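K.L.:
Sequence:
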Amino acid sequence: MRYLLAIILPLLLWSCSTSKNITVSNDLYTKEQEWPVTVKDGWLTAKTITFGPYTTTPRKNGLTEPTFIKSPKDPFSFFVDGNGEHILVQTLGTTAVAFTSRNLPAAFNTLAPNTAIRYTMINGTSQHPLNKWEMIVKAAHYLELNSNKTAGVLRSSEREFRISAHNHFGKVNSYENICYEFYSNGKLIAAVMPGEHPKVWMNKNVDTETSNILGAAIAAFLL
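Mapping the sequence shown onto our numbering, position 193 (from 1) lands on 757, and the numbers just tick up by one.
Hints were generated in silico from the structure; no laboratory data involved.
The structure displayed is predicted, hence computed values, not measured ones.
Do not take every clue at face value.
[Stated by the list, open to error] Computed spacing ranges between beta-carbons, pair by pair:
{"no.": "1", "residue 1": "A610", "residue 2": "G750", "range": "34 to 42 Å"}
{"no.": "2", "residue 1": "T602", "residue 2": "P677", "range": "33 to 41 Å"}
{"no.": "3", "residue 1": "E740", "residue 2": "V603", "range": "13 to 21 Å"}
{"no.": "4", "residue 1": "E598", "residue 2": "K713", "range": "20 to 28 Å"}
{"no.": "5", "residue 1": "T628", "residue 2": "D605", "range": "16 to 24 Å"}
{"no.": "6", "residue 1": "T674", "residue 2": "K634", "range": "20 to 28 Å"}
{"no.": "7", "residue 1": "N749", "residue 2": "P600", "range": "25 to 33 Å"}
{"no.": "8", "residue 1": "T674", "residue 2": "P617", "range": "37 to 45 Å"}
[As the list claims (entries may be wrong)] In silico lysine to any residue, SDA-like type, Cα no more than 25 Å apart, as pairs:
{"no.": "9", "residue 1": "K637", "residue 2": "N741"}
{"no.": "10", "residue 1": "K696", "residue 2": "P617"}
{"no.": "11", "residue 1": "K713", "residue 2": "T594"}
{"no.": "12", "residue 1": "K624", "residue 2": "A703"}
{"no.": "13", "residue 1": "K624", "residue 2": "N647"}
{"no.": "14", "residue 1": "K763", "residue 2": "F733"}
{"no.": "15", "residue 1": "K751", "residue 2": "F733"}
Here a beta-carbon is modelled for each residue, glycine too, at the ideal position from N, C-alpha and C.
Can you make the complete structure from the sequences, with help from the hints?
P.N.:
This is the structure we're talking about:
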């Protein structure tokens, strides 16, 4: 018995301390629904990204419209073109304290005031030009990434998408290959993995209007 414990115990300890890849299993992550991503970033040209039917313009430092956030960090703007759209996207960094007076998802209720937040403003589409959107995404801890916890929201006055974040394309207990997922009424409909080797997935049944808004939000992660 002691001999068996001497063999088994080290193996158990090793297995608990070793990072393991987690297999992602979902109908969204198929070759058919993965969009090709092309990054153009030459010596003499500003960075642009093409994914599926969309292409970004180069980012421009600063914001083109005012915001309630008093001291935005690293603000920039750009346009997303595709499907007949030319959508203005503005994004900036801030902290959770800036949202104390705003109605946020329950996942944000316990955030420390200094938690990093990425805030994005997205103009309306040509069909609904007055229906503007905002995306609020917090910096997730690796334990939250392990469990694919809620990390943010993409919303307008009429509609809302939940955003989760996971590390299931990397290793547990890490910030490797973070992937952000978009949910509509509990159904996963799109995902983006920014970084050195970006990937984008979009449910093939998503309508054009929804695709255009999700495309603008995804571009904010990529650029």
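K.L.:
For E740 and V603, compare the CB-CB distance with the range 13 to 21 Å and indicate the outcome.
P.N.:
holds (19 Å)
K.L.:
Given the hint that K637 pairs with N741, test it: the Cα-Cα distance must not exceed 25 Å.
P.N.:
holds (24 Å)
K.L.:
Do the beta carbons of A610 and G750 sit within 34 to 42 Å of each other?
P.N.:
holds (39 Å)
K.L.:
Take a look at whether the Cβ-Cβ distance between T602 and P677 falls inside 33 to 41 Å.
P.N.:
39 Å Cβ-Cβ, so the 33 to 41 Å window holds.
K.L.:
Is the gap between the beta carbons of T674 and K634 within 20 to 28 Å?
P.N.:
holds (23 Å)
K.L.:
In this structure, is the beta-carbon distance linking E598 and K713 contained in 20 to 28 Å?
P.N.:
holds (24 Å)
K.L.:
Looking only at beta-carbon atoms, does the pair T674, P617 fall within the given range of 37 to 45 Å?
P.N.:
holds (39 Å)
K.L.:
Between the beta carbons of T628 and D605, is the distance compatible with 16 to 24 Å?
P.N.:
Distance hint for T628, D605 holds at roughly 23 Å.
K.L.:
Between N749 and P600, does the C-beta distance stay in 25 to 33 Å?
P.N.:
For P600 against N749, whose Cβ atoms are near 28 Å apart, the range 25 to 33 Å holds.
K.L.:
Checking one constraint from the list: CA of K624 to CA of N647, max 25 Å. Satisfied?
P.N.:
holds (22 Å)
K.L.:
Taken at face value, is the distance from the CA of F733 to the CA of K751 at most 25 Å?
P.N.:
holds (20 Å)
K.L.:
Check the hint pairing K624 with A703 against an upper bound of 25 Å on the C-alpha distance.
P.N.:
holds (23 Å)
Hint check: no violations occur; every hint is consistent with the structure.
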